[in-house]
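Protein chains: 2
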Amino acid sequence: MSYDFLFDLALIFLSTKLLGILTRRVNMPQVVGALLAGLVLGPAVLNILHETEFITNLSEIGVIVLMFTAGLETSIKDLKKCGLASSVIAIIGVIVPLIGGAVLGHFSSVGGKSLMENIFIGVVLTATSVSITVETLKEMGKLNTKVANTILGAAIIDDVLGIVILTIVSSLGNTSGESVNVAVILLKVFLFFVFAGVVGFIFSKLFSMWFDNSKKDLRRYVIVAFVFCLLLSFAAEEYFGVADITGAFLAGLILSGTKESHYISARFETLSYLFLSPIFFASVGINATIGSMNSALIIFTILLVIIAVLSKIVGCYFGARLCKFNNREGIQIGTGMVSRGEVALIVANKGKALGLVNDVLFAPIIIMVVITTIIAPILLKLSFKEKNPVVEENSNFTPETIDNGIDPYDGSENK
Amino acid sequence: MSYDFLFDLALIFLSTKLLGILTRRVNMPQVVGALLAGLVLGPAVLNILHETEFITNLSEIGVIVLMFTAGLETSIKDLKKCGLASSVIAIIGVIVPLIGGAVLGHFSSVGGKSLMENIFIGVVLTATSVSITVETLKEMGKLNTKVANTILGAAIIDDVLGIVILTIVSSLGNTSGESVNVAVILLKVFLFFVFAGVVGFIFSKLFSMWFDNSKKDLRRYVIVAFVFCLLLSFAAEEYFGVADITGAFLAGLILSGTKESHYISARFETLSYLFLSPIFFASVGINATIGSMNSALIIFTILLVIIAVLSKIVGCYFGARLCKFNNREGIQIGTGMVSRGEVALIVANKGKALGLVNDVLFAPIIIMVVITTIIAPILLKLSFKEKNPVVEENSNFTPETIDNGIDPYDGSENK
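For the protein sequence lines, the chains are A and B, in the order given. Using the working numbering, you'd call the opening residue of the first sequence number 1 and step up by one each time. Using the working numbering, you'd call the opening residue of the second sequence number 1001 and step up by one each time.
Hints are computed from structural coordinates only; laboratory data are not their basis. The beta carbon of each residue, even a glycine, is placed where N, CA and C say it ideally should be. Each hint should be verified, as a subset may be incorrect.
Partial pick of chain B residues on the chain A-facing surface, computed with a CB cut under 8 Å [unchecked claim]: (1) L1014; (2) E1053; (3) N1057; (4) F1226.
Each pair of labels, with its calculated beta carbon distance range [claimed, not checked]: (5) A:R328 x B:K1077: 56 to 62 Å; (6) A:V103 x B:I1048: 47 to 53 Å; (7) B:N1358 x A:F201: 40 to 46 Å; (8) A:L191 x B:N1349: 44 to 50 Å; (9) A:G197 x B:F1211: 46 to 52 Å; (10) A:I298 x B:L1186: 56 to 62 Å; (11) A:I306 x B:G1257: 50 to 56 Å; (12) A:L84 x B:V1045: 49 to 55 Å; (13) A:V45 x B:V1194: 32 to 38 Å; (14) A:I202 x B:L1046: 25 to 31 Å.
The following block holds chain A by itself, in its conformation from the complex (with noise of 0.2 Å):
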């Protein structure tokens, strides 16, 4: 066997801290530094390090587990409260990129060469990559916020959205010969909420009822709902076809209420900091492969860029205005809308599969991909500057650091 996977674990490791403590200096959040090191390392760069199955799978249980802790910390009281003003969020949020990303691809020469092909390429805008909001929210100990709620609840309808756009697009468009029923899979969606919901229910009874009858071992607990969290995460992509970090955050947010969940989401912050979120983010910028490219395509990806950043961000203001949020909390949930993270490279690679994504417009979404996870962190922190100067000094104030007595500061770097 070979051993090579461990050295790309210490080169992991070692890259996305030190390139996290180097963002911190200059006050960005370290999980820019994280993709910076994986963008660096990556095939886009250096090439040192490559996209392997072990890597991919990791960076997959990282991201699961990000969102299942975002979940555990999510109070689900609140997230109702925002319920509505999220779901016109996430809508507006969702047709303005739209629209944008298909004007784009109508006047670019090196645009789609159908309708379907063009509206496609505003189809991989609208997707929205929560993970790294919430981990630079995590960082600045924003998570537990009106507006971090708000956010949280706009990703996960506008994950839906997603599919919902995703599915009656390609079935529209499909050129493949792979059919697709646009009822079907609304169905599908619409069941998964509905099956979360039931097992969700009876699990967290029975969860809060074994635990009060023993206590005998907290760990146990810990890894049960891990089994909850991968099971769940597992059935949405494989029987509902709901992204897998959408029934995590179920997952977390089921258990949220549960007496333990601080002990709980204190042993995944964990697990995430010391082995999984570095793969993960590092991950994201492995796969920005890029190949040459032609002055058009350069100035079609820089006009995509500024499309991805302003549509979203002017569409979630917007939306946010609508539902009475003030000036700035409008600007901070636009902001935090921004990334697109791995949520629109999937999105391409299946517009890829039914023909609808022309392999030459595949750097410029990589691309923007990238750029919208690195800015995003950077703007949504900008956004929330002012009013908190000191704002990373206690940040992520985990259950664990009070336990173990350490100083706030071991929660400052999240990582």
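Use these hints to put chain B onto chain A, whose structure you have.
Then chain B, alone, in the frame of chain A:
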């Protein structure tokens, strides 16, 4: 991408936990339950779980982290004390099984066709896998005892002796044309320990200095420690032909002197029980694919198992007695060395590659490995029995369990 790995992990975590709890109920170490879980779910019985690169790599990291924490929790001073004893025990504990295996091979009808092949059966029996013993001792809260240190020391020397013998036998009985130079390999083994010593000395000094200068963030120390562990494990395998777990153990040993070694090992405890070690122990069971066997082979297998267990116990027992250990301790040390685990499988594979191990002997060897691995912790626990009836009550009282103010029972399930 396929999401089956999520289901596989869920299955591994759930089954190892449930069977672990079950085995504890009947006063057996949880490790046994975890091993059985893998065996039952693997190709040997239900054939639900299969070895994937993902699982293999994770289980490798699992055993590395296991040995790393073992090293972190070992006191160099105590280990030095046991240095001579360990050497004597290791040497006699290697010679006896070597002869035992060779004799079995010589007289059995299914034994090797040549003298070298018979000797190689003995070579397979020499290997000691200490990881399960470490886990069991940890579970019993006996890791920091004179006996445990002697076992650890002996296992390390045993590992080296194993490499040496494997090398000599391979080079003598080499039928594959693959050339092996004994002197070179011996030199490499020697150089590795020199290398580890020098690098370790420098690193631990720098590490402590860094630590004293900024207490700002404890997490970064944990990650840097992990990187050091991974690199030393990688270097051991890649450049010196030494087992990676030996490198990992030394890495832990090197850092065991530093001030925050307890904080660090507590973090790895969490990573271990929550994610990595269930995968490792399950995979040992999953690896046991057993073909059809005739009566002669079955008899051979039974004899192989008996000789494997007795030769190691007897050899190490005499070694221990020679070194002034009392009768009870002698038995404890002997049983502590019984487990063969992955090491024997590695040796067997090497032998196969060299044409020294007949394919028909693979099933017996695997069965021998699984059985020794399963009964080792049981015997070990029995050997510690009488004197400490409440042994599992406050076992494995890690800093984490203290820091978090969790009741001691939490520690009792180190899986």
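Inset, instruction - Of all the hints given earlier, name the ones this structure violates by number, lowest first. - result: 7
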